[in-house]
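There are 2 protein chains.
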Amino acid sequence: MARIVMKFGGTSVSNTDRIKNVACLVKAEVDLGNEVAVVVSAMSGTTDQLVVWTNAVAQMKGSSREYDVVVASGEQITVGLLALALQNLGVKAKSWLAWQIPFYTDCVHGNARIVRIDTSIIRKDFGEGKVAVVAGFQGIAPNKSITTLGRGGSDTSAVALAVSLEADRCDIYTDVEGVYTTDPHFITKARKIDFVAHEEMLELASQGAKVLHTRAVAVAALHGLPIQVLSSLDKKPGTSIVEEGELVEKQVVTAIAYSTDEAKVTLIGLTDCPGVVGTIFEALADADINVDMIVQSVSQSGNFVDLTFTVSSSNINLVCNVLNVLKKDLGYIDIVYNTMVCKISVVGVGMRSEPGVAKIMFRTLAECGINIQLISTSEIRISVLISSGYLKLALQALHTAYGLDANCKFIKSNN
Amino acid sequence: MARIVMKFGGTSVSNTDRIKNVACLVKAEVDLGNEVAVVVSAMSGTTDQLVVWTNAVAQMKGSSREYDVVVASGEQITVGLLALALQNLGVKAKSWLAWQIPFYTDCVHGNARIVRIDTSIIRKDFGEGKVAVVAGFQGIAPNKSITTLGRGGSDTSAVALAVSLEADRCDIYTDVEGVYTTDPHFITKARKIDFVAHEEMLELASQGAKVLHTRAVAVAALHGLPIQVLSSLDKKPGTSIVEEGELVEKQVVTAIAYSTDEAKVTLIGLTDCPGVVGTIFEALADADINVDMIVQSVSQSGNFVDLTFTVSSSNINLVCNVLNVLKKDLGYIDIVYNTMVCKISVVGVGMRSEPGVAKIMFRTLAECGINIQLISTSEIRISVLISSGYLKLALQALHTAYGLDANCKFIKSNN
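Protein sequences appear in the order of chains A and B. The first sequence begins at 1 in full-length UniProt numbering and counts up by one. The second sequence begins at 1 in full-length UniProt numbering and counts up by one.
Simulated from the structure, these hints should not be mistaken for lab results. Do not rely on the hints blindly, as some may be mistaken.
A pair counts as met if it fits within one copy or between any two copies, since identical chains are not told apart.
Said to hold, decoys possible - Below, simulated DSS-like cross-link-like pairs (lysine-lysine); rule was C-alpha separation at most 25 Å, straight line:
#, residue 1, residue 2
1, K92, K130
2, K92, K144
3, K210, K124
4, K210, K189
5, K189, K144
6, K235, K392
Here chain A stands alone, though its shape is the one from the complex (with noise of 0.2 Å):
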């Protein structure tokens, strides 16, 4: 007997029919005797029209208590709707909200962070044979107000209640087969992985991969908690998201993720003295603006230098705003921008122990013109800048000089 956290996305409950089928699912493991809980997201769709009328209806920037109220109505029609579907297929089965539970969490409405989950229900739910279904992305703040934890929060909600139900594994079930070598709706030689560490999820989620929330990832890696991402809509085996010592072979690159939505940002001129840089990096901080990549370069005149960033570029007018501010202070000569970029990283674990993957990075891209504008990495992760226009032609390239391509196996590193 295990214990497991099945979760469900808003595509695998996007209607009656679905919401039968993940029943079945469901019912599956209970007959293997398994204790359960299951996390669902709203219908697909259902948030997106929910955000819409909230904006329609006042003319405001972000989230706020009531903006919550309304986007976590729609979590609550699928548990529902769950827990019906259940007892019809005689499966004893109950729905918690967020506050009957309660998945306590801070105060950021839009944004909040689970602080505490009491399980102390579901346990007792499951030694009286329940499954219990409980909804995704919400939760209740210390003042009793209802908040979200932000899209995709789901996955957060299920790993977390995973970890606090001390559970064997946590399912995320989705509407692709699984973690992918890098995405197979643009390179259609991806392929999906059958295992891959906790870190270089971590890595992969945070540079792009959309398939799972990386605050999700995050808080599996802290704890080790298994993952599986499978589909709902067939029975293959999908991704095994484990500890790095259990992986039998370690890929030195095992995806490549990539991001367009970049923007680098360049002030030229900028007076060399200490101080100045974090002067920078804290007025963006205190505007909420996240920085990735930094490079700081000597200019030709000698007593000042070039700085440049990255960041999202749907904050690329705020940033200026904020750097305007502060060019009397700084006395830079100019800022200038470009939108046209796009980001590639590649992630491995097996990078820490084999020379050469950035080498092979370099020359791939070297051979096909593609410039190199910014290069950051970690112990695990190499990422490039590049024009927007060659995403597609690194991808492949890099995907095949990695041995990632279909039936094509590279550089291991031993066991």
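Assemble the complex: chain A is given as a structure, and chain B must be docked to it using the hints.
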């Protein structure tokens, strides 16, 4: 300054433009210096859709804990959107779900009764100049499950909240201009009524008038709460429901209600001994069947009686099943029933002091050649059961006979 509860039905909040319109109506009351709590229904059509989904995932009859979880979600959307729309107009507003207030009910899912409303949060918000936007239709059971009050239950939510808040009045906004002398969609000469007594409204609602939930009127009558019924879509004055003592002129007949959901059942040749009739109605009550008009008449043979009563036509099969089970014990000869009947009720508090109301009814119907099958009365109501085919003819003739046609006044009692 007054303290008022405003209630908006599904058609008044059916899209974001209408919700913005409702926000303007609420702001107008706030600008007058009033303390305002608003009760809203789900967008029209939403609850129907949710019920369809519950039926699609499970072959179940009636309501359950999970049914209530699903159908209570519609009000969560409209309270959040209305609070946002009010904030957008510069009005301080906060949404409240039943569990947050709380709105305590019993455990009867799908048809719960309000036990107590804790108004402390709303009174505190009034003190801070805030409008409380409250989800109608829903409640919370002692075991913290979500309950619903039955279709049309938002009227009851609003009236119960108004009583608990010791409000000066409750304004029920709907898609018609008020309460009419009879159904204006059916009888073109129907007129809007300016004033109606609680007791009259209670008789009208329970005899088929659909403008207000019967339980809402009963609660208002019990506590002497003034109600206004008016349109959210135009600015005409509506109908005031007040205590009988406040009526300046008491109509002998204020309005005529009708119901087509009627079936007449006759048990022929029932043994005439004590306890038999009690056994029958006890069995029907145990099967949750409401019996309305009842007549017992001596059979031609002398030792037997015929028992006739009416039930909702949707219950007719269930009634026959219950009676068939009893046949051996009761020894009646036959059951006959007829669903091609309708009930017409004339209502007016002036009836108490004015004889001759029944005479007009019987004469008018006789002149139309309409046979009366059953009669029942209260102090302020006369109801007759007639063949369905004569419904419109009877309504038109009675509307004229009692002086209810537009631009026409008939019998008035002294003040």
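Using 25 Å as the alpha-carbon threshold, which applies to K92 and K130: within, between, both, or neither? within (5 Å within a copy, 43 Å between copies)
Practice task
Can you give me the call for K92 and K144, within, between, both or neither, at a CA distance of at most 25 Å?
Solution key: between (29 Å within a copy, 19 Å between copies)
Within a copy, between copies, both or neither: where do K235 and K392 come within 25 Å Cα-Cα? Neither, since 31 Å and 61 Å both go past 25 Å.
Which holds for K189 with K144 at a C-alpha limit of 25 Å: within a copy, between copies, both or neither?
For K189 and K144, the Cα distance exceeds 25 Å both inside one copy (49 Å) and across copies (52 Å).
State whether the alpha carbon distance between K210 and K189 is at most 25 Å within one copy, between copies, both, or neither. Classified as within; 18 Å inside a copy, 64 Å across copies.
Intra/inter-copy verdict for K210 and K124 if alpha-carbon distance must be at most 25 Å
neither (35 Å within a copy, 45 Å between copies)
The structure shown violates the earlier hints numbered 3, 5 and 6.
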